[in-house]
Structure formats: C-alpha cells, structure tokens
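**Student:** Position chain B against the provided structure of chain A, taking the given hints into account.
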Amino acid sequence: MEAVQRIMAETHVYHRRVVVKAPHGLHIRPCTVVAKLASQFDSRVRLRTNNKLADAKSVMDLLTLGAEHGMELDLEVDGPDAPDALEHLSALFDSDFAAPEAVAAQPPAP
Amino acid sequence: MKLCDFVVADAIVPELQAGTKDAAIRAMVASLAKAGSIKAQDEEGIVTAILKREELGSTGIGNGVAVPHTKHASVDKLIATVALSKTGVDFASLDGEPVFILFLLVSPPDRPGDHLRALESISRHLRNQSFCKFLRQSATPAAVMELLKEADNNEI
Chain A
1 MEAVQRIMAE
11 THVYHRRVVV
21 KAPHGLHIRP
31 CTVVAKLASQ
41 FDSRVRLRTN
51 NKLADAKSVM
61 DLLTLGAEHG
71 MELDLEVDGP
81 DAPDALEHLS
91 ALFDSDFAAP
101 EAVAAQPPAP
Chain B
111 MKLCDFVVAD
121 AIVPELQAGT
131 KDAAIRAMVA
141 SLAKAGSIKA
151 QDEEGIVTAI
161 LKREELGSTG
171 IGNGVAVPHT
181 KHASVDKLIA
191 TVALSKTGVD
201 FASLDGEPVF
211 ILFLLVSPPD
221 RPGDHLRALE
231 SISRHLRNQS
241 FCKFLRQSAT
251 PAAVMELLKE
261 ADNNEI
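Chains as they are written, first to last, in this note's numbering: chain A, 1 to 110; chain B, 111 to 266.
Be careful, since some hints might not be right.
[What the hints assert, rightly or not] Quick list of in silico lysine-lysine cross-link-like pairs, DSSO-like style, CA-CA up to 27 Å:
| no. | chain 1 | residue 1 | chain 2 | residue 2 |
| --- | --- | --- | --- | --- |
| 1 | B | 181 | B | 112 |
| 2 | A | 36 | B | 181 |
| 3 | A | 57 | A | 36 |
| 4 | B | 259 | A | 52 |
| 5 | A | 57 | B | 243 |
| 6 | B | 112 | A | 57 |
| 7 | B | 144 | B | 162 |
| 8 | A | 21 | B | 162 |
| 9 | B | 196 | B | 162 |
| 10 | B | 149 | B | 112 |
| 11 | B | 187 | B | 259 |
| 12 | B | 112 | A | 52 |
| 13 | B | 162 | A | 36 |
| 14 | B | 243 | A | 52 |
| 15 | B | 259 | B | 243 |
| 16 | B | 187 | A | 21 |
Derived by calculation from the structure, the hints in this document are not laboratory data.
One chain only, chain A, in its complex shape (with noise of 0.2 Å):
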C-alpha cells in the first residue's frame, strides 16, 4: 500500500493558487528567493499565469510572468518531494517574501 500510494505521490500534479504580495512585484530579487527554494526539491517547479508558463528553479523563466503586484498564479508541483515543495512554495508565497531566510532555511524533509 505504501508503494502504491509513493507512486501515485510521484506522478500527480499538485496544485496551489498563490497571490503576489510583495509590493513592487516579481522583480530579480523575490525571483531569486524563490528559484533558490524551488531548486532545492527535486521535483518540478512551475508557475502559471492565463498565458505563461514558467520554470521556478530559473530566474530568468520567473521573470518572463512580468508577475505585479496582485497577480494570482497557479504553483504546479510533481515528483518524489511535491508535497514538501507545494508547502514550502506557498508558504514562501503567504510570507510575503517577509522573512523568506526564515522559511528557505528549513530544510525540506529528506
């Protein structure tokens, strides 16, 4: 049952809405926290606007959202660590960037 339920963890896609709070939008810096934190799960990482989709481990696809103030966005995670990264990401997200040395640096669960 156990490896059942590990392979069904690993292959579906998890979703979560997260808002943009931080006031100036997704500039380099918030893009940066969260590729950081993205890139420390194993499993993808992405985030979705109506029309574009971005890899969240890569700054540079984090900042093609053009992602202000506002904005909602859809957090798409699958593989071994999803349910971790979704947490940790949305978290991340709910924060408001705040604090993010605070929520980057738990470490995910192994």
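**Tutor:** Leaving out everything else, chain B in the frame of chain A:
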C-alpha cells in the same frame, strides 16, 4: 514594453573591455552619460547605487546574463544600455558562470511597474537561444539595435 523603447542606441557597448563587475558597470554608466541620457554629475551616484544593489544579491541571473540596475531620481523614464563581453565578466552569478550579455537599467524611483515590464521583455527575449547567439555576434551598436528591433517584432 519593447526593447527599443528603453535601450539607448548611442550607449550600446558591443565590445565591453572591462574584466570585472565594477569596471563593467562603470563603463556602461559612462556610456549612458556620453550618450547624454544621464548627466555627468549623476554618473558617480548612479554607479554607487548600482554597486550597492549588487551587494544585496547578484543580478547575474544565469545563462551568461546580468541585469544590473537602480532607481535614480535624475531620470524621468526608464533607460537602459546593452554591453557584450567576448571574454566574460565575473558577476558572482547565481550559476557561478561568467556573463557575456549585460543589460543595465536606470529607472525613476516611482515606477516599479516599468522596471518589471522591462525585466519581462529582456528575459523573454534572452530565453531565446538564437537571440542570445545573434546578440553576442553583433559587432556594432547599430547591429545590436537592429537585432533588438527584430526581437521586438518577433522576427527571431
């Protein structure tokens, strides 16, 4: 936002000689001053502000690209220049690699939206490997500007 809207053609540096981050930034700001886009008396202040921003975190965002920038009260609209380095500049980039393409931005203090849109435009084009390749092959400011125009028109 189109690249040609904010890149100052006369300030483009197609053969950046500078070998360090500091020298690269100084050369690009000097080029903007020479083009008349910033005042000579503001040059040093703008360089200082850009270097200060770099201390918060490198704008070497990977893939051989850097986007040094600052807000400054002396400009009333966002301006930028492009510099190309053949040998690469150590920018303490996120991926540990040198940078070959640099976009330097100076924007008015109260227009964060313009800054974001400029970054969106720059990153959208630089994600295109062909654009990067052609950019690095451009030998003159006119050639760079022509390429930016083609990119703006989605011809690349």
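**Student:** Against each hint, give a clear statement of whether it holds in the structure.
**Tutor:** Tested hints:
Between residue 181 of chain B and residue 112 of chain B the alpha-carbon distance is near 19 Å, which keeps this suggested pair within the 27 Å criterion. A C-alpha spacing of about 25 Å is found between residue 36 of chain A and residue 181 of chain B, which places the hinted pair at or below 27 Å, so the restraint holds. A C-alpha spacing of about 7 Å is found between residue 57 of chain A and residue 36 of chain A, which places the hinted pair at or below 27 Å, so the restraint holds. Of the supplied pair hints, the one linking residue 259 of chain B and residue 52 of chain A holds, its CA atoms being roughly 23 Å apart against a limit of 27 Å.
The straight-line distance between the Cα atoms of residue 57 of chain A and residue 243 of chain B is roughly 23 Å, inside the 27 Å bound, and the hint therefore holds. For the proposed pair residue 112 of chain B and residue 57 of chain A, the alpha carbon gap of about 26 Å is at most 27 Å, so the pair holds. Of the supplied pair hints, the one linking residue 144 of chain B and residue 162 of chain B holds, its CA atoms being roughly 23 Å apart against a limit of 27 Å. Taking the CA atoms of residue 21 of chain A and residue 162 of chain B, the gap is about 25 Å. The hint holds against a cut of 27 Å.
Distance hint between residue 196 of chain B and residue 162 of chain B is fulfilled; the C-alpha atoms sit about 26 Å from each other, no more than 27 Å. A C-alpha spacing of about 24 Å is found between residue 149 of chain B and residue 112 of chain B, which places the hinted pair at or below 27 Å, so the restraint holds. Distance hint between residue 187 of chain B and residue 259 of chain B is fulfilled; the C-alpha atoms sit about 20 Å from each other, no more than 27 Å. Only pairs whose Cα atoms come within 27 Å are accepted, and residue 112 of chain B paired with residue 52 of chain A is accepted, the gap being roughly 18 Å.
Between the alpha carbons of residue 162 of chain B and residue 36 of chain A the distance comes to roughly 21 Å, so the proposed pair stays at or under 27 Å and holds. Distance check on the hinted pair: residue 243 of chain B and residue 52 of chain A sit about 24 Å apart at the alpha-carbon level, within 27 Å; holds. Using a Cα cut-off of 27 Å, the hinted pair residue 259 of chain B and residue 243 of chain B holds, with the two alpha carbons roughly 16 Å apart. Note on residue 187 of chain B and residue 21 of chain A: the hinted pairing holds, with a Cα-Cα distance of about 25 Å set against a maximum of 27 Å.
The structure is consistent with each of the numbered hints, conforming to all of them.
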